[in-house]
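Colleague: With chain A's structure known, arrange chain B on it following the hints.
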Amino acid sequence: MHPAAAREFLSDPARAAWHDQTLWMVRVKRDRMAARVPEWEQLREAASRIKEHTLSRLAEYLEEFSARAEANGVRVHWAADAEEHNRIVHGILAARGVTRMVKSKSMLTEECHLNPYLEARGIEVVDTDLGERIVQFKNEPPSHIVMPAIHLKRAEVGAVFHEHLGTPAGMEDAQELAEAARQHLRGHFLGAQAALTGVNFAIAETGGFVVCTNEGNADMGAHLAPVHIACMGIEKLIPKAEHLGVFLRLLARSATGQPSTVFSSHFLKPRPGRETHLVLVDNGRSRQLARADFRKSLACIRCAACFNTCPVYRRSGGHSYSWLISGPIGSILAPNVDKKAHSDMPFASTLCGSCTAVCPVKIDIHAQLLKWRQEVVAAGGSGRAKPLLMRLTAFVLRRPALYRLGGALMRLAGPLANLLRLDPWTRHRDLPPPPARTFHQSLRDKSKP
Amino acid sequence: MRLGLFIPCYMDQLYPRAAHATLRLLERLGHEVECPDTPACCGQPMSNSGHAALGEDFVDAFARRYAGYERVVSPSASCLLHLKEGLEARGHPLAHHAHELCEFLHDVERVEAFDAAFPHRVGLHQGCHGLRGLGLGRPSERMEPHFSKPERLLKRVRGLELVELDRPDECCGFGGSFAVFESDVSAAMGRDRVADHAGHGAEFITSTDMSCLMHLGGLAARSHPQIKVLHIAEILAGEV
Chain A
1 MHPAAAREFL SDPARAAWHD QTLWMVRVKR DRMAARVPEW EQLREAASRI
51 KEHTLSRLAE YLEEFSARAE ANGVRVHWAA DAEEHNRIVH GILAARGVTR
101 MVKSKSMLTE ECHLNPYLEA RGIEVVDTDL GERIVQFKNE PPSHIVMPAI
151 HLKRAEVGAV FHEHLGTPAG MEDAQELAEA ARQHLRGHFL GAQAALTGVN
201 FAIAETGGFV VCTNEGNADM GAHLAPVHIA CMGIEKLIPK AEHLGVFLRL
251 LARSATGQPS TVFSSHFLKP RPGRETHLVL VDNGRSRQLA RADFRKSLAC
301 IRCAACFNTC PVYRRSGGHS YSWLISGPIG SILAPNVDKK AHSDMPFAST
351 LCGSCTAVCP VKIDIHAQLL KWRQEVVAAG GSGRAKPLLM RLTAFVLRRP
401 ALYRLGGALM RLAGPLANLL RLDPWTRHRD LPPPPARTFH QSLRDKSKP
Chain B
1001 MRLGLFIPCY MDQLYPRAAH ATLRLLERLG HEVECPDTPA CCGQPMSNSG
1051 HAALGEDFVD AFARRYAGYE RVVSPSASCL LHLKEGLEAR GHPLAHHAHE
1101 LCEFLHDVER VEAFDAAFPH RVGLHQGCHG LRGLGLGRPS ERMEPHFSKP
1151 ERLLKRVRGL ELVELDRPDE CCGFGGSFAV FESDVSAAMG RDRVADHAGH
1201 GAEFITSTDM SCLMHLGGLA ARSHPQIKVL HIAEILAGEV
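The listed protein sequences correspond, in order, to chains A and B. Per this note's numbering, residue 1 is the first one in the first sequence, and the count goes up by one each step. Per this note's numbering, residue 1001 is the first one in the second sequence, and the count goes up by one each step.
In case anyone wonders, no lab produced these hints; they're calculated from the structure. Incorrect hints may appear among the rest.
Stated by the list, open to error - Listing some non-contacts, in silico: residues in chain B with all C-beta distances to chain A over 10 angstroms:
1) His1051
2) Arg1064
3) Ala1067
4) His1096
5) Lys1155
6) Leu1160
What the hints assert, rightly or not - Stretch-level coverage of chain B by chain A, calculated; a stretch enters the list once three of its residues show a Cβ under 8 angstroms from a Cβ in chain A:
7) 1010-1016
8) 1177-1187
Since the structure is predicted, the reported quantities are computational estimates derived from the model, not experimental observations. We treat Cβ as the ideally placed atom computed from N, Cα and C, and that holds for glycine.
The shape of chain A in the complex, shown without the other chains (with noise of 0.2 angstroms):
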């Protein structure tokens, strides 16, 4: 549950207050740069907009997207769920005799599993994304969507690559580490039979797609294998070209505080005696786009700025949330997923809606987890104490005896409330000290003869 797990990371209150801060300071990077475009809040609209559309009409625009990819010479495959993703990946690399892949950045593989399911097949995976791959040697799942890695300090990061690489014990300069990490990689590069990446747009009107990263390990990976394997959600889709730069205007602003990605690769189709496929999954996302109140949800561009700014999610870390997408987004995704699974990850907010206010395609995510949250509870899913005690609550606020009763006592209690600490209040903070008389007593005394 989330509040044991944040309780656990906040037992180390240096380490929770170095997260934080380190996540903090991309959010002030984020505004700094997202402050120099003055067209920011209209470049926020379009491409909500865009996206609204775009959900609107995605069966259209998928099957325009197919066509045209097919057209280009790319092979189209339709997974509708994680188990088919897998499948379908997996049976492109065996037809091929494929043993070692090398695989960029990519949530929806993470959300599909993909990593084992090839691995207990026989498939060597290799994530060449740094941070993928500073957690796949650690076997954890990554904390964060944009820096997967961001809860490991260089020292661990120099202790996990002493391990597994054979550094020298104690290495912690980010510039050894990284050329490090670009050695070990390189082998891998030139030997892999097939490379896999994600998609962070496709485009309906050419059927090309773009992938964005900062290590041009995606470029690296589908340019030297001959099989490039590109794994999108279905709601990756954008119209046409000219929305790109929309959303590549907001992306890496939103996401890190730089101008743009270091590279933004453009797929059209295969090189002559290349192989390019694309899985396009379902897995949950037609669910969602056909409830009203979370279709919008789909809108998500993966910039992770929600949990930058999410001041409860740089305070427990992504591993104290039940999915592997954290944070924010990850909160109103999940329950989608698995209602009861994921129950508490919409109540792990202050629901103080920064998420919202940050998000470059203006998700509402603070009213959606307010409605998450309805739905969870309907589904019998916050256990059975708390329906209680709130149906309690509202008897006792609806009656003006039992009001004045309870307001009593709780006035009497507070002092000895703040002496034992026992409650989840005075645990952390005194309550304030009660006043003689409540305002409505005070009122009715003034209104006396």
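Modeller: Chain B in isolation, oriented as in the chain A frame:
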């Protein structure tokens, strides 16, 4: 004007001073202010816990009790936002006549000066529901010109010095039932807010929401006992 004053339950019970300050502030502006004598919860605690249906009655009761007033004013941005959203969903006209106190003073009354002096260093905690929900100011995420109604009102108090904060509008972590069910994260967030105010030499923290201040004040009592919390109405009314 005949005004209805909405004092939420927890202010009635725990912060009558802030409620009285609001009342006097409005009366001094020449209004006839009434406060229906029944306990008044807005229903937000139920809604935020996922029991919105249990809270609907409270919005209906509010609409019934306050429908007769020209305008309704409340010194609690969070409760008011919840009520306004409920009224808007019902298409009830009261949605457009209900105001958070600062909004009323700034937009409706356009108060230019307060008969108040407060020669202290004050940190303004911008409660999220007032800031991002009711639009009392520009949240730092948005790339628009800066404005803050509570800040402008405070600047009209003699001698008051507003402190700059490192994080001008980060959530304090109260969040209603969040403060109880996620009490560790809640407290960590609040401690960081208090430290930000303390680090800039604030003697007082003020806000449009006593609920945030109950949380921040309760934390400050243990870590920075020199810092006190005051509802913005208490400062504007010149009663401290």
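Colleague: Identify every previously stated hint that the structure contradicts and give their numbers, smallest first.
Modeller: Failing hint: just 1.
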